[in-house]
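Put chain G on the given structure of chain L with help from the hints.
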Amino acid sequence: MTRVAGSLAIVLAAGLVLGGITHLAMVLAMPMLAGNTAFHRHAAALSPGETRLLVAQQDGNDVPFADPAVAMAVCAFDITEGPLRVEAPMPEGFGSLSVHGRDGTVLYSVTDRTAVNGVVTLVVMTRQQHDEALAAGRSDEASQELRFVSPRLQGLVVVRALAPYPSSLPEARERAAAMECMSAND
Amino acid sequence: MPAILCILATFAIAALVGVTTVDWATSGRPPLGALSIGPWVTWPALGGRDVDPYARAITVRSGALPLGTGEGIEFLASRDDAGQPLHVSCNYTVSGSMPAARAWTLTVYDPSGGTQGERAGLTSAEVLRRPDGAVDITLSRRALPGNWLPLPPSGRFILALRLYDSPQSADPAAIEPATMPRIVRGDCS
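In order, the protein sequence lines correspond to chains L and G.
Going by the UniProt record's numbering, the first residue of the first sequence is number 1, and it counts up by one from there.
Going by the UniProt record's numbering, the first residue of the second sequence is number 1, and it counts up by one from there.
To be clear, the hints were calculated from the coordinates, so they are not data collected in a lab.
Hints may be right or wrong, so weigh each one.
Claimed, not checked - Which stretches of chain L does chain G cover? Using the computed rule of at least three CB atoms under 8 Å from a CB of chain G, they are:
{"#": "1", "segment": "3-16"}
{"#": "2", "segment": "27-34"}
{"#": "3", "segment": "64-73"}
{"#": "4", "segment": "76-86"}
{"#": "5", "segment": "105-112"}
{"#": "6", "segment": "150-162"}
Every residue gets a Cβ at the ideal spot worked out from N, C-alpha and C, and that includes glycine.
Only chain L is shown next, with the shape it has when bound in the complex (with noise of 0.2 Å):
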């Protein structure tokens, strides 16, 4: 009888300890594990380079706590063959830009602060073609966009308009939905 008492105990023990380390490595894993990503959704909606824009409104379903006043398009990116280059023109109001690894985690964001002429010039690369743009020198070109060197090959560009009023959000989606991500090789 005590036996039997001591094997369960030691099944019981061993089967809590191995589940706390399932547990932890299924909340490390996750970004791999889990089908219903940012980066699931809505790389597998776009071509390279096609920029959609989100409806936040009414069905809800596109993304959860979307705030309504804001319009948002978002294009996918992988920089594995070359950099990304993000044009988005900027609304009225307010307008920013973030980068969104494909593991759920913001790499970057800036506001329309940035902005060069009303519009926000983004080149997202890696270390390696960071250090061969500085090499190639296009000075002129650098100092009218931001170079951010991300720490993820792949994940989606998100730009957001505000609408301070209803009646303007048409207008701010029509800006979201105007930027353009591109391959900056060509």
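Frame of chain L; chain G shown alone:
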């Protein structure tokens, strides 16, 4: 007990414990790193690179696109100033001056993060102000004059206050609590 049974039972317990605790810990709100100012809660690390694994797991699971630290701050409230859960059967007044920001929005969500109808939020540009610059926003299921936000038909709800281009987004802990709006419950039906 035979050894094989012990091993199988161990793995069954491990799987059960692992999966249920992960599901519990990665649905809902991040368990770590919350900053509360009155009823308002924010997760400052969510908008940057040093996000903890739990918050990141919650973000990817929900499919959310968090606001970056460089863009602004997002506060959520699911309780009023007295600590009572926000419920649509009551009227609420959200009042006060707002923390410094170029623009802010106040939005009503159902607990799953969806919005109802055309009028789910107010922005700083369209809101009516008192002579001293403060705002009073009424939340009610019935239409009311002034700054009014309709509530969903049933259940609890969540309020989101977003401060866009706020000088405090780098350090939300420095926000003076008195500048955050108060959520006061009115009459209930």
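Results for each hint:
1. 3-16: Coverage by chain G holds here, the residue count being 9 at a Cβ distance below 8 Å.
2. 27-34: Check passed, 5 qualifying residues.
3. 64-73: Satisfied; 8 residues make the cut.
4. 76-86: Check failed, 0 qualifying residues.
5. 105-112: holds (count 7)
6. 150-162: holds (count 5)
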